Structure formats: C-alpha cells, structure tokens
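J.: The numbers in this note's numbering rise by one with no breaks, and the one at position 32 of the sequence shown is 32.
Hints may contain errors.
[What the hints assert, rightly or not] Using 25 Å as the maximum straight-line C-alpha spacing, the simulated DMTMM-like pairs for lysine to aspartate or glutamate come out as follows: (1) K34 to E57; (2) K54 to E41; (3) K73 to E41; (4) K31 to E57; (5) K58 to E41; (6) K31 to E41.
FYI, nobody ran anything at the bench for these hints, they're computed from the structure. Computed from a prediction, not measured in an experiment: that's the story for all the values here.
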Amino acid sequence: MSTWLAILLIIVALVAGVAIGFYLARQSMMKYLKENPPINEQMIRVMMAQMGRKPSEKQVRQMMAQLNKIQEKQK
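Throw the hints in and build the complete structure from the sequences for me.
T.: This is the structure in structure tokens:
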C-alpha cells in the first residue's frame with residue numbers, strides 16, 4: 001500500500017512542478033515582451049524603407065498604434 005502512495009505522490013509532485021514551471025515561464029516571458037516589444041518604430045521605418053517607401057511620422061505612429069491594439073486584444 002505504501003508503494004502506491006509513494007508513486008501517487010511522485011506523480012502529483014511532477015504534475016504540480018510542470019504546472020508551476022509553465023506558469024512562471026509564461027509570466028517571465030510576458031514581462032520580457034512588455035519591457036522589450038518585438039517591433040519598435042525604428043524597425044517599422046526600416047521595413048518601409050526596404051519596401052521603397054519613405055514613411056511619415058504619422059504613418060509610423062499609426063502602425064505602432066495598430067500593433068499595440070492587436071497585442072492588447074490578444075491579452
């Protein structure tokens with residue numbers, strides 16, 4: 001009987017460790033992405049320049065606003 005209890009405790013501890021590890025990793029990644037967004041204004045300017053366009057400041061800000069709106073929806 002005690003071996004079944006030991007096996008059950010090991011399985012419960014393993015599942016709990018995986019769940020807690022996933023939660024902490026997710027929180028860490030969300031914090032990192034909030035502090036260091038993957039796309040910034042300079043990247044948008046470079047991307048538009050590569051497409052042969054000279055973006056105005058208004059266009060860059062509009063694109064950043066759209067990207068931020070999409071990110072907020074995903075949360």
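J.: Are the hints correct? Go through all of them and say.
T.: Each hint tested on the structure:
Only pairs whose Cα atoms come within 25 Å are accepted, and K34 paired with E57 is accepted, the gap being roughly 23 Å. Between K54 and E41 the CA atoms are separated by roughly 13 Å; this keeps the pair inside 25 Å, and the hint holds. A C-alpha spacing of about 20 Å is found between K73 and E41, which places the hinted pair at or below 25 Å, so the restraint holds. At most 25 Å may separate the alpha-carbon atoms for a hinted pair to count; K31 and E57 exceed this at roughly 28 Å.
A distance of roughly 11 Å separates the Cα atoms of K58 and E41; the hinted pair therefore holds under the 25 Å criterion. Taking the CA atoms of K31 and E41, the gap is near 20 Å; set against the 25 Å cutoff, the hint holds.
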